[in-house]
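Heads up: the protein sequence lines correspond to chains A and B, in order.
Counting in this note's numbering, the first sequence runs from 1 upward without gaps.
Counting in this note's numbering, the second sequence runs from 1 upward without gaps.
Some hints here could point you the wrong way.
[Unchecked claim] Some chain A residues near chain B, calculated using beta-carbon distances under 8 Å: (1) Y33; (2) L43; (3) F90.
[Said to hold, decoys possible] Distance windows between CB atoms, simulated: (4) B/S40 x A/V12: 19 to 27 Å; (5) B/F46 x A/E52: 23 to 31 Å; (6) B/A79 x A/P83: 43 to 51 Å; (7) A/V12 x B/K42: 16 to 24 Å; (8) A/G16 x B/D104: 41 to 49 Å; (9) B/P112 x A/V113: 37 to 45 Å; (10) A/S67 x B/I94: 33 to 41 Å; (11) B/K111 x A/G63: 20 to 28 Å; (12) A/M27 x B/P112: 30 to 38 Å; (13) B/L8 x A/R44: 16 to 24 Å.
Just so you know, the hints here were simulated from the structure itself, not pulled from any lab data.
Backbone N, C-alpha and C fix where the C-beta goes; we use that ideal spot for every residue, glycine too.
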Amino acid sequence: NAGVTQTPKFRVLKTGQSMTLLCAQDMNHEYMYWYRQDPGMGLRLIHYSVGEGTTAKGEVPDGYNVSRLKKQNFLLGLESAAPSQTSVYFCASSYIRDNTEAFFGQGTRLTVV
Amino acid sequence: GESVGLHLPTLSVQEGDNSIINCAYSNSASDYFIWYKQESGKGPQFIIDIRSNMDKRQGQRVTVLLNKTVKHLSLQIAATQPGDSAVYFCAENIRVAGKSTFGDGTTLTVKP
Numbered sequence: 001n002a003g004v005t006q007t008p009k010f011r012v013l014k015t016g017q018s019m020t021l022l023c024a025q026d027m028n029h030e031y032m033y034w035y036r037q038d039p040g041m042g043l044r045l046i047h048y049s050v051g052e053g054t055t056a057k058g059e060v061p062d063g064y065n066v067s068r069l070k071k072q073n074f075l076l077g078l079e080s081a082a083p084s085q086t087s088v089y090f091c092a093s094s095y096i097r098d099n100t101e102a103f104f105g106q107g108t109r110l111t112v113v
Numbered sequence: 001g002e003s004v005g006l007h008l009p010t011l012s013v014q015e016g017d018n019s020i021i022n023c024a025y026s027n028s029a030s031d032y033f034i035w036y037k038q039e040s041g042k043g044p045q046f047i048i049d050i051r052s053n054m055d056k057r058q059g060q061r062v063t064v065l066l067n068k069t070v071k072h073l074s075l076q077i078a079a080t081q082p083g084d085s086a087v088y089f090c091a092e093n094i095r096v097a098g099k100s101t102f103g104d105g106t107t108l109t110v111k112p
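Build out the structure end to end from the sequences listed, making use of the hints.
In structure tokens form, the structure reads like this:
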């Protein structure tokens, strides 16, 4: 049982390049989330999904897009990376309603130069 | 009157001592609170949770206290060990919304 798996673990992008971060969970969770974590700060919600085929904006959605085509996968896209998007990105998943405890992936460290 | 513990970005304790980590939350409609532990290079991990209809909950070596009057949450760790060194985050939830808002975190360092 792998839990929440993020790929890749590290990436360096040039300004203007695009990339997709993949999150996969094997716990049959309805809710999935993408957060970013910057030094000295807590986690800020970028986008989230309450079920397959649905997405919603979080606190800091600008510059990112997401898709949830399959229940187990949640993709985070950067169309044109900017240095301000240098961060550690965490994906998480949780059950709907009965348990709001979130299970987190190991993180993706992204550097935009 | 009541005294409320301040949120500190860092906390250093001696091994074996008790630790108290404080958190202030912002939304009086929040009905579920969670403490997470994040070790270096890893994602946050669930420690303990508490619903808004409770004021105290105990786990193994950890206790969470909730004061809704002043919107304050604390995590107490008994007999702190070196393995407890990590960043601790509180999160407030509105369960029907299904998403959390995280605090800034406290870095706990345990000195041997």
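| message | Verify the CB-CB distance for A/M27 and B/P112 against the hinted window 30 to 38 Å. | response | 37 Å Cβ-Cβ, so the 30 to 38 Å window holds.
Pairwise beta carbon distance, B/P112 to A/V113, judged against the given window 37 to 45 Å:
39 Å, holds
Could one say that the CB atoms of A/V12 and B/K42 fall in the range 16 to 24 Å? 21 Å, holds
- Item | Interface hint status, A/F90 versus chain B (Cβ within 8 Å) | 5 Å, holds
| When you take the CB atoms of B/K111 and A/G63, is the distance between them in 20 to 28 Å? | 41 Å, violated
Holds or violated: the 33 to 41 Å window for the beta-carbon distance between A/S67 and B/I94? 25 Å, violated
Kindly confirm whether 16 to 24 Å is satisfied by the beta carbon distance between B/L8 and A/R44. Once the Cβ atoms are compared, 21 Å apart, the range 16 to 24 Å for A/R44 and B/L8 holds.
Can you tell me whether the CB distance of A/G16 to B/D104 sits inside 41 to 49 Å? 31 Å, violated
Exercise. Are B/S40 and A/V12 spaced within 19 to 27 Å by their CB atoms?
Worked result: Between B/S40 and A/V12, where Cβ atoms are some 21 Å apart, the hint holds.
(message) Taking 23 to 31 Å as the stated bounds, is the beta-carbon spacing between B/F46 and A/E52 within them?
(response) 24 Å, holds
Within 43 to 51 Å or not, the Cβ separation of B/A79 and A/P83?
About 44 Å separates the Cβ atoms of B/A79 and A/P83, which means 43 to 51 Å holds.
Given A/L43 was flagged as interface, is its beta-carbon under 8 Å from a beta-carbon of chain B?
4 Å, holds
Violated hints for the displayed structure, listed by number in ascending order: 8, 10, 11.
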